[in-house]
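Trainee: Residues per chain, in single letters:
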Amino acid sequence: MLRFLLTRIGLVIPTFLGIILLTFVLIRLVPGDPVEVRVGERGISPERHAQLLHDMGLDRPLYVQFFDYVGGVLQGDLGTSVVTQRPVMDEFLTLFPATLELAVFAMLFAVLIGLPAGVLAAVKRGSIYDHAVMGTSLTGYSMPIFWWGLLLILLFSVTLDWTPVAKRLSDDYFVDEVTGFMLIDTLLSDEPGSFLNALHHLVLPTIVLGTVPLAVIARMTRSAMLEVLGEDYIRTARAKGLSSLRVVAIHALRNALVPVVTVIGLQVGTLMGGAILTESVFSWPGIGKWLVESIARRDYPALQGGVLVIAALVMTINLVVDLLYGLLNPRIRHRR
Amino acid sequence: MKRRLLGAVAAAALAFGFANAASAKTLVYCSEGSPENFNPQINTTGTSFDTAVPVFNKLVEFIPGTTELQPGLAESWEVSDDGLTYTFHLRQGVKFHARGGFSPTRDFTADDVIATFNRMWKKDDPYHTVSGGAYDYFNDMGMPDLISSMSKVDDHTLKVVLTKPEAPFIANLAMDFAAIHSKEYMDAMLKAGTPEKVDQEPIGTGPFIWANYRKDDRIIYNANVNYFRGKQPIDRLVFSITPDQATREARLEAGECDVIPYPNPANVERLKANPELQVLEQEGLNVGYLAMNVQKPPFDNVKVRQAINMAIDKEAILSAVYQGAGKAAKNPIPPTIWSYDESVSAYPYDPEQAKAMLAEAGVTDLNADLWYMPVQRPYNPDAKRMAELMQADLAKVGINAELKTFEWGEYRKRLQEGEHMMGMLGWTGDNGDPDNFMGVLLSCTSARQGGQNIAKWCNEEFTKLIDQAKQISDVEQRTELYKQAQAIFHDEAPWVPVAHSVVHMPMSKKVKGYKVHPLGTHIFEGVDIEE
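Chains A and V supply the protein sequences, listed in that same order.
Residue 291 in my numbering sits at position 175 of the first sequence, with consecutive numbering throughout.
Residue 657 in my numbering sits at position 410 of the second sequence, with consecutive numbering throughout.
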């Protein structure tokens, strides 16, 4: 187990370095620099342009900048945003709780609905229910997030007035920022009704962001279950006279979970991608929008730092998923 | 069941929401983005300027909705006969905001003005390098070379000496970068070792006190009860940051926003039809144009340039590209600027005549490149589409235009170098002064390589007129000179002036007293909302 863990962590380091190098180089390959991007029509004299680049340290040779950056990262310093002049880590930590809160809800939504739906579809294979689940999940999987979000807003928020259009909290509430997680902050605040209001704001974004993972999880659960349900030991379990529920929930589902958990782990990456679009539609103040803007403004430190932290998170989650296999399936745990 | 639950949650939330809103009169402006910071000295975008406007005053200010000037923190001023010395009489009894850890011990004085300008001007000022220290507008408006000295006569009298007479100087002082900061606050933050707080948690004298900012989420301002023009009709102003255009419109329709900027022109009619909304409109302080590089034949021939002006169907462009949110241009300045010459008659759309003129000039089967911007700009919502329409129009008169574009920064640089034959660009005004368009975009000085005159057109008579106009402060005399300059521009036709975009501001009918500002800033001073 320890050896497995060490090997996995050993693999993380080169991946990590690769990501640093890639973001560092890619953003600099985009034509234009932070100074040029902000001057607009008015233009700038070459001397002043050079001076501003010098002030940002961007006139040094690339490799010097790179090693300087890596040195900073190793000491936990992600640099300062060239747009807002604030430390990148501060900006990230201000925005990340919003993304995390939404991602957790979307994942819960996807798992809590996707898993049972997939199991039921497998158990009742070939029924109308099965076809319905498969059809709906294919639609969900193919749905452009942006369009789907706007559609829900127009129907539920503008026309029916059931849900708020956007943001995390109504503008009538003034809740102090303690943790950055709106649900926790509203509970801590003395504004009555703000918790329900925050929850209410989560409904549509959760559905929109959770749709694709939901569809993937439902389909994966169904096919994994179908495979397991055909195994000999399931027949044996049934022959022993175990209740149908027990067979499905204990014997089949647990064995079917390994590929499902893998897919759930992989969906974390997808969630981050989806968060960019979902946050855009719902004006959700998370990191997705921040990263896109960093590209547009050539805010090198912000983009590099943001991508780095997200990559680290995704890698950590996938590592945890790998470790979870062992819990789910003892055969993986003992394998050498 | 799910539906009923949602309904119940909604009802509960709404009930609490209303109960809460009743305590303070709040106006929600759904702005389009987060500011870089709250100090207009160092930032450059309209989005950032908007967020500083509620907090600050300037010595001289624009009358909301116009490019005319009114006294701000300076009650009055005199200009010496040689146009070099300006004496400002400052308003007395003006209080800076008190907030959190800071409460001012004295009123506004000339020291505050000097400290504000020194930060941008003097390289040895302790604040000069704080927050990146790039004072783009101060530098771009030529202030470092223009101001010779700035001195305090007494607490409420300030003397500014210029190096040369320059009439637009007063208009420059009304620009956002000239917002007056508190010297006391700057000193306190420097002492505390957190000078950047001056830029992130601003203190000013303005109608609203900055209270709170959460990045990409919202900015909260409370009304300043000590404001020198009186307390505002609303108690609280919220900038609810909503970058997506469609979401912004939906939020307005659902009543989550009271005012939104930059709607999609295609949706303006729909918003107008909503009985709960009103849409204010005004021509923006901008111009979108196609410049012909007069240094490259055959565009050195005025006949060719006039012919191209007649070959392009502006009406078609206005409906296809601006979708009704634009007005055809005929002058280099927009009609909201004083001295705009109504009497200039635009070139008619006449391809036959254009063809004849080209033949007269000996131009047949011309191959020319036509450059278009890779990005959307306030004065041109879709440059590529515009280029395609122009290409088709030019083909009708026998000109084969090849479309070209580059990355935005590269694009501007190459245009300024003069690499193009025909190139699209535009301009948004900074201070509402005609010189800010004609001087910057069409003078001989800026026709040099790398300069902003991308037609590379240098007409000495034109330049003489605008130079002369820049040196006198009498508005009537200046207007006369600018009108003559516009006539020359029309005859010489270095550009095809295409359009001035129209700014639409959709808002709830409950909002009273909002005026669309020609300079593009969104101003909430004096705005009220019915409960």
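Please note that the accuracy of each hint is not assured.
As the list claims (entries may be wrong) - Calculated pairs, DMTMM-like style, for lysine to aspartate or glutamate (alpha carbon to alpha carbon, straight line, at most 25 Å):
(1) Lys660(V) x Asp171(A)
(2) Lys651(V) x Asp149(A)
(3) Lys369(V) x Asp306(A)
(4) Lys272(V) x Asp306(A)
(5) Lys757(V) x Asp277(A)
(6) Lys756(V) x Glu163(A)
(7) Lys462(V) x Asp149(A)
Hints were generated in silico from the structure; no laboratory data involved.
Trainee: Confirm or reject each hint.
Mentor: Hint by hint, here is what the structure shows:
Distance hint between Lys660(V) and Asp171(A) is fulfilled; the C-alpha atoms sit about 21 Å from each other, no more than 25 Å. Straight-line distance between C-alpha atoms of Lys651(V) and Asp149(A) comes to about 21 Å, which keeps the hinted pair within the 25 Å bound. Taken as a hint, the Lys369(V) and Asp306(A) pair is broken in the structure, with Cα atoms around 48 Å apart against an allowance of 25 Å. For the proposed pair Lys272(V) and Asp306(A), the alpha carbon gap of about 20 Å is at most 25 Å, so the pair holds.
Between Lys757(V) and Asp277(A) the CA atoms are separated by roughly 20 Å; this keeps the pair inside 25 Å, and the hint holds. Taking the CA atoms of Lys756(V) and Glu163(A), the gap is about 50 Å. The hint is violated against a cut of 25 Å. The straight-line distance between the Cα atoms of Lys462(V) and Asp149(A) is roughly 23 Å, inside the 25 Å bound, and the hint therefore holds.
Comparing the model with each earlier hint shows violations of hints 3, 6; every other hint is respected.
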